[in-house]
Amino acid sequence: QEQLKVSGPGLVQPSQTLSLTCTVSGFSLTTYSVHWVRQHSGKSLEWMGRMWSDGVTSYNSAFTSRLSISRDTSKSQVFLKMNSLQTEDTGTYYCARGRFTYFGHDFDYWGQGVMVTVSS
Amino acid sequence: DIQMTQSPASLSASLGETVTIQCQASEDIHSGLMWYQQKPGKSPQLLIFGASRLQDGVPARFSGSGSGTQYSLRISSMQTEDEGIYFCQQGLKYPHTFGAGTKLELK
Numbered sequence: 002q003e004q005l006k007v008s009g010p011g012l013v014q015p016s017q018t019l020s021l022t023c024t025v026s027g028f029s030l031t032t033y034s035v036h037w038v039r040q041h042s043g044k045s046l047e048w049m050g051r052m053w054s055d056g057v058t059s060y061n062s063a064f065t066s067r068l069s070i071s072r073d074t075s076k077s078q079v080f081l082k083m084n085s086l087q088t089e090d091t092g093t094y095y096c097a098r099g100r101f102t103y104f105g106h107d108f109d110y111w112g113q114g115v116m117v118t119v120s121s
Numbered sequence: 002d003i004q005m006t007q008s009p010a011s012l013s014a015s016l017g018e019t020v021t022i023q024c025q026a027s028e029d030i031h032s033g034l035m036w037y038q039q040k041p042g043k044s045p046q047l048l049i050f051g052a053s054r055l056q057d058g059v060p061a062r063f064s065g066s067g068s069g070t071q072y073s074l075r076i077s078s079m080q081t082e083d084e085g086i087y088f089c090q091q092g093l094k095y096p097h098t099f100g101a102g103t104k105l106e107l108k
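Protein sequence lines, in the order shown, are assigned to chains A and B.
Taking our numbering, the leading residue of the first sequence gets 2, the next gets one more, and so forth.
Taking our numbering, the leading residue of the second sequence gets 2, the next gets one more, and so forth.
I should point out that these hints are in silico values taken from the structure, not numbers from a laboratory.
Be aware that a few hints might be false.
What the hints assert, rightly or not - Chain A is nowhere near these chain B residues, computed Cβ spacing over 12 Å in every case:
(1) Asp-2
(2) Val-20
(3) Ser-32
(4) Met-35
(5) Thr-70
(6) Ser-73
(7) Gln-91
(8) Ala-101
(9) Gly-102
(10) Leu-107
As the list claims (entries may be wrong) - With beta-carbon atoms standing in for the labels, derived distance ranges:
(11) A:Lys-6 with B:Ala-10: 37 to 43 Å
(12) B:Ser-8 with A:Thr-32: 34 to 40 Å
(13) B:Ser-66 with A:Phe-28: 45 to 51 Å
(14) A:Asn-84 with B:Ser-13: 40 to 46 Å
Ideal Cβ placement from N, Cα and C applies to all residues, glycine included.
Using the sequences provided together with the hints, build the complete structure.
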């Protein structure tokens, strides 16, 4: 059974770094990609970046050089690190399994999400 | 970036009513269009991929259609459990972008 679980702090101070962990089970990180998506207060979803099955990463340019995604395949974990957090980074952060078909990328399994508040 | 425009922003439907939600891409996305349902406090769930292909386990009352830049999601008979927010997403190009969402409520 495919599952993803996000863990990390719920409160981060402005200008500090957010560190989140996505722990997966039921599938291998060397077979599927894992993506990070965030959502502001129930509003729309924003794709942040992804870890491909071969270890290659891609990022949304909206996050410039603030964002880093890495992984530990032995622990089935994918990590998100984003620095210089501001209040507008407050939101719910999800990891999702990516599936690549003839029609492009979709997200067929999602973690439960973690609510992150940026505040002093 | 490809812009995804959804309409309407919200709607209400009666039990058994047919519901249609529209999504327009700012360029041709060659059927690389997905639909997700999100219920309050829950993660999004994939309903449709490739514009018209039903994800496993999704009820057959959901269907998708469209091509080029214009796509739609149809619910043939509104049920109580269909309340939620529906998002479209393009999976053709990076960054993958989502529509602003359509909030569907039971009338």
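Comparing the hints with the structure gives:
no.	hint	result
1	Asp-2	violated (8 Å)
2	Val-20	holds (20 Å)
3	Ser-32	violated (5 Å)
4	Met-35	violated (5 Å)
5	Thr-70	holds (15 Å)
6	Ser-73	holds (16 Å)
7	Gln-91	violated (7 Å)
8	Ala-101	violated (5 Å)
9	Gly-102	violated (6 Å)
10	Leu-107	holds (18 Å)
11	A:Lys-6 with B:Ala-10: 37 to 43 Å	violated (32 Å)
12	B:Ser-8 with A:Thr-32: 34 to 40 Å	holds (37 Å)
13	B:Ser-66 with A:Phe-28: 45 to 51 Å	violated (30 Å)
14	A:Asn-84 with B:Ser-13: 40 to 46 Å	holds (43 Å)
Comparing the model with each earlier hint shows violations of hints 1, 3, 4, 7, 8, 9, 11, 13; every other hint is respected.
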